[in-house]
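Enquirer: With the hints in hand, could you dock these two chains into one complex?
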Amino acid sequence: MILSIRRPAVSTPSTMADYRVHLSQARHNEEIADKLVQEPPFHDWAVTAAFYAAIHYFECWMFNSSHKHSETSIPMSNGKIKYSPHTWRQLIVEKEFDKPVWKSFRKLRDGSQTARYLSPSRPWHGVSPRWLNKPASDYFTPEAARKMVENNLAILKAALDIPSP
Amino acid sequence: MTMLDGPQHTRTLSDSAWFEISPPPDVNVPEEIEEKVVDGEGLLDELLSRILFHPSANETQTLRRMQGGYDELRDVANLALYLHLKKQIQVNAFEGYAESLLSSHLHTSQDNLYGSFICDSSKIVARVKKEKTQDILEQESLLDIAISFDKIDKVRAIYVQKYRSEMQVQILLALDHYDDDLMDALLDVEYDIRKQHVKVVFEFLYHPVGRVATDDFIHPQARCIYTKHHGRL
Numbered sequence: 001m002i003l004s005i006r007r008p009a010v011s012t013p014s015t016m017a018d019y020r021v022h023l024s025q026a027r028h029n030e031e032i033a034d035k036l037v038q039e040p041p042f043h044d045w046a047v048t049a050a051f052y053a054a055i056h057y058f059e060c061w062m063f064n065s066s067h068k069h070s071e072t073s074i075p076m077s078n079g080k081i082k083y084s085p086h087t088w089r090q091l092i093v094e095k096e097f098d099k100p101v102w103k104s105f106r107k108l109r110d111g112s113q114t115a116r117y118l119s120p121s122r123p124w125h126g127v128s129p130r131w132l133n134k135p136a137s138d139y140f141t142p143e144a145a146r147k148m149v150e151n152n153l154a155i156l157k158a159a160l161d162i163p164s165p
Numbered sequence: 166m167t168m169l170d171g172p173q174h175t176r177t178l179s180d181s182a183w184f185e186i187s188p189p190p191d192v193n194v195p196e197e198i199e200e201k202v203v204d205g206e207g208l209l210d211e212l213l214s215r216i217l218f219h220p221s222a223n224e225t226q227t228l229r230r231m232q233g234g235y236d237e238l239r240d241v242a243n244l245a246l247y248l249h250l251k252k253q254i255q256v257n258a259f260e261g262y263a264e265s266l267l268s269s270h271l272h273t274s275q276d277n278l279y280g281s282f283i284c285d286s287s288k289i290v291a292r293v294k295k296e297k298t299q300d301i302l303e304q305e306s307l308l309d310i311a312i313s314f315d316k317i318d319k320v321r322a323i324y325v326q327k328y329r330s331e332m333q334v335q336i337l338l339a340l341d342h343y344d345d346d347l348m349d350a351l352l353d354v355e356y357d358i359r360k361q362h363v364k365v366v367f368e369f370l371y372h373p374v375g376r377v378a379t380d381d382f383i384h385p386q387a388r389c390i391y392t393k394h395h396g397r398l
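Those protein sequences? They're chains A and B, same order as listed.
Each residue of the first sequence is one higher than the last, beginning at 1 in my numbering.
Each residue of the second sequence is one higher than the last, beginning at 166 in my numbering.
Taking CB as the label site, the calculated pair distances span: (1) A:P135 <-> B:K360: 34 to 40 Å; (2) A:D98 <-> B:Q386: 32 to 38 Å; (3) A:D138 <-> B:K364: 38 to 44 Å; (4) A:T72 <-> B:T392: 39 to 45 Å; (5) A:K99 <-> B:D309: 17 to 23 Å; (6) A:S66 <-> B:K360: 20 to 26 Å; (7) A:E143 <-> B:Q304: 40 to 46 Å; (8) B:Q304 <-> A:E150: 40 to 46 Å; (9) A:P40 <-> B:K360: 33 to 39 Å; (10) B:D318 <-> A:N151: 21 to 27 Å; (11) A:Q38 <-> B:K364: 40 to 46 Å.
According to the in silico footprint, chain B covers these stretches of chain A (three or more CB under 8 Å from chain B): (12) 73-87; (13) 95-105; (14) 141-154.
Away from chain A, derived, C-beta distances all over 12 Å, residues of chain B: (15) D300; (16) E305; (17) D309; (18) A311; (19) S313; (20) D315; (21) I317; (22) I390; (23) T392; (24) K393.
Calculated directly from the structure, the hints in this document are not laboratory data.
Computed from a predicted model, the values in this text were never measured in an experiment.
Ideal Cβ positions, reconstructed from N, Cα and C, are used throughout, including at glycine.
Extracted from the complex, chain B is given alone in its bound form (with noise of 0.2 Å):
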C-alpha cells in the first residue's frame, strides 16, 4: 500500500480518490510515539493490503494482529495521534473505510476505543469488500485465473491486456494436437470464472504453442500473470 506525501489538507471524500487529513498544528510527536505510529501504519496497510489483494485471506487474523498492536499502544492519545498524523490514506475503492475509521475514533471515548476499532474495522471490511472498484475486480480476478489454470498441466502462461472494455486473457497451452478433454477442462474453469467475476467482462483465448520452449509471442503491453517452469518446455 502506496502511502503518499504530499499538501496536508483534507479534500471532500467524495470528490475525491484520495483521503487527506491535517494533522493538529499544535502537536509536538515523541520519537516514541513516531515508532509507534509507523507500526500502527503498517498494520493499517497489512489489512488494507490483504483486502484489495487477498480477498480471501483471514482477515479475522489479521484484525487479531492489528488488534495486538494496537494494544501495544495502551494510550489512547497515542492511537488519536497517530490517527492525526496519518497525513494521506490512499483509499481508492475505500473512501469510506477511513472516512469511518477516522471520524469515529477521534470522537470516541477512551473506554471503547478499542472496542470499538475492532467493530468499525469488521464493519468497513464489509464496506470495502461492496465498494470494490472495477480495477480491483479485474485484479482478483486476475488471481483467480492464475490459480484456478495452474491446476491445468497443459497450461504454459497465462497474459492479459485490456481490449476496449474486456479483459483478454490469453492462455498458451503445450499442446501438438487438439485435445477436447483438455478443452472440456479449460472451458470448465473460464465458466466458473464467469460466474465468480460477472462484474468483470472477459475473453479468453487459447492458444496451442506447442511443447518446444521459445519466447512467447505477446503484445509489449500483455502482462503475463503467470508462467510455468517445467524442464521439458
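Excised from the complex, chain A in its bound form (with noise of 0.2 Å):
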C-alpha cells in the first residue's frame, strides 16, 4: 500500500473556505460532547460527537494536504472505491501520526461505533444481529466517556495543529 500524501502547507485565502467550514463543524460537535459528557445518561452520545468532531478536525489537516478531501481521494479499482472512508481516514492516521494518534482516533471511532449500534456498524443480512446485552449508557461509564471526549481528542487535535478558538 502506498500514500503519498503531502504535508500541510499554509492554504492560500481561496482555499480556506472548506477549511474553516471543517473548523467550524468540528468545534460545534466538541461542544456539544463537552456538554452531552456532563449529562449522564446522555454521555453516550459525547463519544459520537467526539469522533465527529475528530473527523471534522481531520478533514481540515487533510484540506490542507495534497488530497484535499478523504472521500475524494480514496483509491479506485476497476471504477469502485477500494476502501470505505473510514478506512482511509484511519490508513492515513496510521501513515502520516504517531501510535498514541492513530490510539486516540481509534478509540473515538470504536466508542463512537459500540455506542451507536451495539453491535457491527454493517449489519449483516441474512442473519439476526444480537445486540450488546445493555444500552451503550451503561456500556459506557461517564468516566470512560470523559476520557475519550477530554483526552483522546485533545491528543489528535494537537497533532493537527488546530488552532484553539
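Expert: This is the structure we're talking about:
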C-alpha cells in the first residue's frame, strides 16, 4: 500500500472556505460532546459527537494536504473505491502520525460505533444480529466517555495543529 | 498442497498460475522409483506448505529433511526422473520456485546435483518470500491475528470477511462494560499487525458481546479464524 500525502502547507485564501467550514463543524461537535459528557445518561452520545468532531478536525488537516478531502481521495480499482472513507482516514492517520495519535483516533471511532449500534456498524443481512445486552449509556461509564472526549480528542487536535478558538 | 491432474504440456510460466511439465515420452517408471517419487513429492509439498502457511517455521529443518529424503534416492537418475514426472506443481506465488528448481536440476551434472538442489532451494525460499501473492499475505496475516489476539483473555472469537479491498476483522469481546485498558491492549496488538503486514489493508472492529454464551451473529460468508472455548462463555 502506498500513501503519498504531502505535509500540510499554508492554505491560500481561496482554499480556506472549506477549511473553515470543517473547523466550525468540528468545534460545534466538540462543544456538544463537552455538554453531553456532563449529562448522564446521555454521555454515550458524547462519544459519538467527539468522534465526528475528530473527523472534521482531520478534514481540516486533509484540506491542507494534497488530497483535500477524504472522500474524494480514496484509491479506486475497476471504477470502485477500494476502501470505505473511515478505513481510508485510518490509513492516513496511521501513516502520517504517531501511534498515540492513531490510538486516540481508533478509540473514538470504535467507541462511537459501539455507542450507536451496540453491534457491527454494518449489520449483515440474512442473520439476526445479537446486540450488546445493555444500552450504550450503561456500557460506557461517564468517566470512560469523559476520557475519550477530553483526552483522546485533545491528543488528536494537538497532532493536527488545530488552532485554538 | 494440491497436486492437480490435467493436460500434460508445458505452459509459459509467466502466463500461468500453474506450472506444468511434460514427462519424457519414453520413460518407463519402475514401481520402486514411483514410490520414491511419491516420497519426493511429499517432501516438496511439505516445504512449499511450510513456506506458504507457516512462514516462521524452521525452513532449515525442512530443507535438511528434504536433503535426507533425496539422499535416500542415491541415484541421480531417480531424482531427475522424479522431476520429469512431476506433472503439475501448484506454483501460484512461486512460479519462479518451480522454474528454477526444475530447470536447474534437469541440466545439472551428477556430481553437484544434491548440493545444487539445497543451494537452489535456499535461494528459491528467499524468492518465494519476496513474491508472495496478496492472498498468501492475507493468509499469513490471519495467522498472526489469531496468535496475537489469543493472548488477550477477553477475546472470544475472531471472524474475517473481505469487503472491497479491505480485510475486515471482527473481534468479539466477552465484555460487559467499556474497558479502556483492554482497548489499549487490543489496539497495541492491532497496531503491530498493521505494521507487520503493510500490504494488507485491515479494518478491525471490536464488538462487546457480553459474557453469555450464545451463537455469534455473523455474515454467512464470514470465516471464523479463531474461537476461545472457555467454560464460562
